[in-house]
Amino acid sequence: MKKIFSLVILCISMFTLAQVKVPFTGHRSFDILEGYSGTGTPHYYLDVKKNGDVLFGYVQVNQANGKETTEEVNAGKYAANKVMKVHFKEYNETFFVKFDKDKIYLTDEKGNIQNLEGCCSARESIDKETCTCESEFYK
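Quick note on numbering: the sequence shown equals residues -18 to -1, 1 to 121 in mature numbering (1 follows the signal peptide of the UniProt record, and there is no 0).
Nothing false has been slipped in among the hints.
Straight-line distance between alpha carbons at most 16 Å, and here's what the computed EDC-like set of lysine to aspartate or glutamate pairs gives:
1) Lys3 - Asp82
2) Lys83 - Asp35
3) Lys80 - Glu116
4) Lys85 - Asp29
5) Lys80 - Glu91
6) Lys85 - Glu116
7) Lys121 - Asp84
8) Lys67 - Asp90
9) Lys85 - Glu118
10) Lys64 - Asp90
11) Lys121 - Asp13
12) Lys121 - Asp82
13) Lys80 - Asp35
14) Lys85 - Asp13
15) Lys3 - Asp35
16) Lys31 - Asp82
17) Lys67 - Glu54
Note that these hints are calculated values from the structure, not bench results.
Make the full structure from the sequences, and use the hints.
Quick look at the structure:
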C-alpha cells in the first residue's frame, strides 16, 4: 500500500513539474510590419495552449476575388525569452519571434530585436533605427 501511495505522489509531482508557465492562453492578433499593411496584407495571430504549445497563423483575403488563404503552424513549446522559428509553407515565409504577455517582437535567430523600415507605419519615422519591430497583442 505504501508503494502504491508513493507511486501516486511521484506521478502527481511529475505532472506538476511538466506544466509550462505561459504568459496567457488563447488567441491574440498582432501587426509587427505596420509599414506593409494594406487591403491584401495577411493578418497574423498566435494561439497559446494550456500545455505550452504555441500556434502561429494568418488569414489573408485576396481583394480581387475574395479568396481567403489561411495557414497555421505549431512553433513548439513556450519558454520565457525563447526565440521561436515560424515557417509558413504557403508563401515560403520564415521569421523569428519572441513574446511576453503584452508584446511580440520580430528578432533574428539569436533573439536580437530587429529594426526595419517596414516596422513603422507611414506616419512614423522612416529611419530604420527608430522602427523597432514589435507589436502589442489584440484580442
